[in-house]
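Trainee: Okay, here's what each chain looks like letter by letter:
2 protein chains.
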Amino acid sequence: MLIFAGDLKVMSASSHHKDEISNLGEFGLIRHLTKDLVIKNSSTCQGVGDDAAVLDYGGKKVVITTDLLTEGIHFNLVYTPLKHLGYKAAVVNFSDIYAMNAQPRQLLVSMAISRKFTVSMIDDLYSGIRLACEQYGVDLIGGDTTSSYTGLTLSCTAIGEASDIELIYRSGASKTDLICVSGDLGGAYIGLQLLERESKLFEQERDFQPVLDGYDYVLERQLKPQARRDIIGLFTEQGIRPTSMIDISDGLSSELMHLCTNSNTGCKIFSDKIPIHPETRRVAGEFEIDPLIAALNGGEDYELLFTFPVQQFDRIGKLGEINIIGHMVEPDEGMKMITPHGDVITLAAQGWNSLI
Amino acid sequence: MLIFAGDLKVMSASSHHKDEISNLGEFGLIRHLTKDLVIKNSSTCQGVGDDAAVLDYGGKKVVITTDLLTEGIHFNLVYTPLKHLGYKAAVVNFSDIYAMNAQPRQLLVSMAISRKFTVSMIDDLYSGIRLACEQYGVDLIGGDTTSSYTGLTLSCTAIGEASDIELIYRSGASKTDLICVSGDLGGAYIGLQLLERESKLFEQERDFQPVLDGYDYVLERQLKPQARRDIIGLFTEQGIRPTSMIDISDGLSSELMHLCTNSNTGCKIFSDKIPIHPETRRVAGEFEIDPLIAALNGGEDYELLFTFPVQQFDRIGKLGEINIIGHMVEPDEGMKMITPHGDVITLAAQGWNSLI
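Line by line, the protein sequences are chains A and B. The first sequence begins at 601 in this note's numbering and counts up one residue at a time. The second sequence begins at 601 in this note's numbering and counts up one residue at a time.
Just so you know, nobody snuck in bad clues.
For chains that are exact copies, the list does not tell them apart, and a pair is met inside one copy or across any two.
Straight-line alpha carbon distances no greater than 30 Å define the calculated DSBU-like cross-link-like pairs of lysine-lysine that follow:
no.	residue 1	residue 2
1	K716	K635
2	K936	K918
3	K936	K868
4	K800	K716
5	K936	K873
Just so you know, the hints here were simulated from the structure itself, not pulled from any lab data. Keep in mind the model is a prediction, meaning the values are calculated, not measured.
With the sequences and hints as input, model every part of the structure.
Mentor: Right, here's the structure in full:
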């Protein structure tokens with residue numbers, strides 16, 4: 601048989617029925633595509649469905665995660681310096697590795713570049729990637745460099761390691777566990793609003809000089825996020841082991857949904873416990889955005905969201921930069937947020953979805 | 601410090617000096633970007649510079665390779681059915697793993713898709729990826745699914761395993777080793793010419809029916825390439841260990857250059873020893889293409905190119921599907937091809953380069 605039976609429909613690639621991908625959304629499409637995957641190799645411990653896949657090659661567990669960024673969808677080069685883009689592209693993958701309580705060790709970077717890019721532009725991009733690798737102790741070990749018709753596409757794959765007992769999955773939370781978050785939320789989304797406003801003003805008037813003083817914190821959250829290696833270090837130092845963990849890339853609501861779905865729990869969080877930086881709050885005010893909405897649905901904060909047994913309440917309270925925002929509940933109670941007035945809001949994961 | 605000193609040049613992404621990437625080419629750009637990379641982690645055995653990177657996590661060696669494919673540059677959906685595209689995208693990564701004399705075990709697939717794609721189209725793409733994984737015993741373990749403004753971008757990362765003594769690098773050839781190639785060459789390139797001709801005729805006349813009978817072999821070489829797992833199996837069976845190896849993705853000349861550069865040798869090959877399939881030869885004639893040029897510079901054949909000590913000449917002769925095409929020489933003799941008339945041609949690696 602030459603090729604797949606009935607599959608060489610030359611010149612008919614567009615004859616498909618219009619079943620829109622936006623109806624499924626990103627998570628729906630992933631579930632649809634991966635729902636009956638069967639694992640064949642003993643070296644595969646965990647496939648689709650966590651921050652990273654887990655492999656066992658007879659020594660340490662190998663943790664691997666990948667990310668694809670396209671120009672115009674994930675980044676706008678009008679206000680994202682290429683060095684920052686490279687730095688962020690690397691760091692967000694390290695964040696996925698830390699979210700497994702593992703240490704990133706290697707990075708592969710592939711890029712497709714169109715004719716508008718010069719060698720010094722790619723140097724800038726790479727300098728950011730390399731700086732991130734230096735700061736996080738990661739080796740840049742290869743990738744693929746090729747061309748595209750339009751814009752820049754960046755694909756990063758990070759590899760990390762952990763021992764079996766160190767690994768923390770999304771699925772380990774119990775129905776009474778406390779829910780914690782590191783750092784603060786919503787800043788990256790507010791920083792993005794600021795950059796988009798300045799870029800629109802610039803489009804209207806080319807002489808325009810963007811005013812970015814007094815916005816340092818939210819800009820840094822958007823343009824130079826950090827992966828929370830320090831929090832993972834704290835866990836090791838204090839001998840603490842979260843029961844489940846995920847990094848916040850799509851917004852608190854979306855990540856809570858992943859923990860609840862994978863751990864078969866519901867959750868109850870308290871709106872006044874969600875940590876928000878004063879500058880995030882102030883700039884959100886300028887934009888007439890509710891900072892809570894930015895925290896719940898904004899995404900790109902790369903903080904860690906994790907759960908602990910309620911018996912360890914005291915111990916967690918002593919860790920700086922960690923806030924207890926609520927607790928898990930029975931799955932049939934759903935995902936709820938309680939306001940200081942006692943209102944109960946059902947959380948919907950409206951995290952950023954590039955497919956809609 | 602907020603961000604990288606002097607790097608937040610908002611609205612100035614296009615102020616760079618026009619230093620053209622095409623002046624460097626793909627290999628030049630990679631060398632430029634990676635020339636002073638330093639390895640920090642003990643788990644990194646081999647970084648940039650072979651078919652795959654090699655990691656050591658205390659058990660088997662972990663081999664990892666990645667590939668980025670963009671619509672319009674690497675594939676044309678007018679004549680490439682999506683199932684074939686998925687199959688090929690996976691298989692070419694497995695081929696890189698086999699070229700290290702390792703076994704592929706896991707695959708990560710990321711894709712960025714524009715609005716023209718429907719769920720059933722992505723299903724077709726995935727069915728090809730999954731078929732390849734089944735046939736080669738590989739687990740599909742994850743990836744990233746996101747959107748793009750234009751067309752389809754596909755990023756595949758394959759992970760494999762081998763013991764330390766099994767691994768074969770590009771750098772192991774000696775100056776008298778024999779040079780061998782599996783299967784035959786040039787077919788994939790000729791198949792591509794055929795598909796491009798038929799697609800142009802179709803553009804001129806929409807009622808046009810492509811005539812593809814009698815072209816089975818070259819079409820299969822282009823649309824459904826195989827990774828040479830069988831050759832790796834033969835090595836194990838016969839207790840043979842090549843001294844260096846690479847897979848032929850960019851054309852024989854280009855891959856020979858990689859072996860010679862990495863092993864610090866020159867080479868002498870004989871044009872009448874280069875294996876070319878009768879159908880490749882016949883269809884090349886129709887297109888008035890020299891089949892030898894297709895073999896040397898066409899690429900996408902995914903055969904294995906490897907070297908053996910000359911003392912094993914007898915043993916290699918007994919392996920079916922393997923042709924000895926020449927031998928390594930001192931590096932100062934360069935890369936030469938000898939014709940049956942005794943003409944000496946200097947080989948230049950003119951393999952396919954998407955960056956020119």
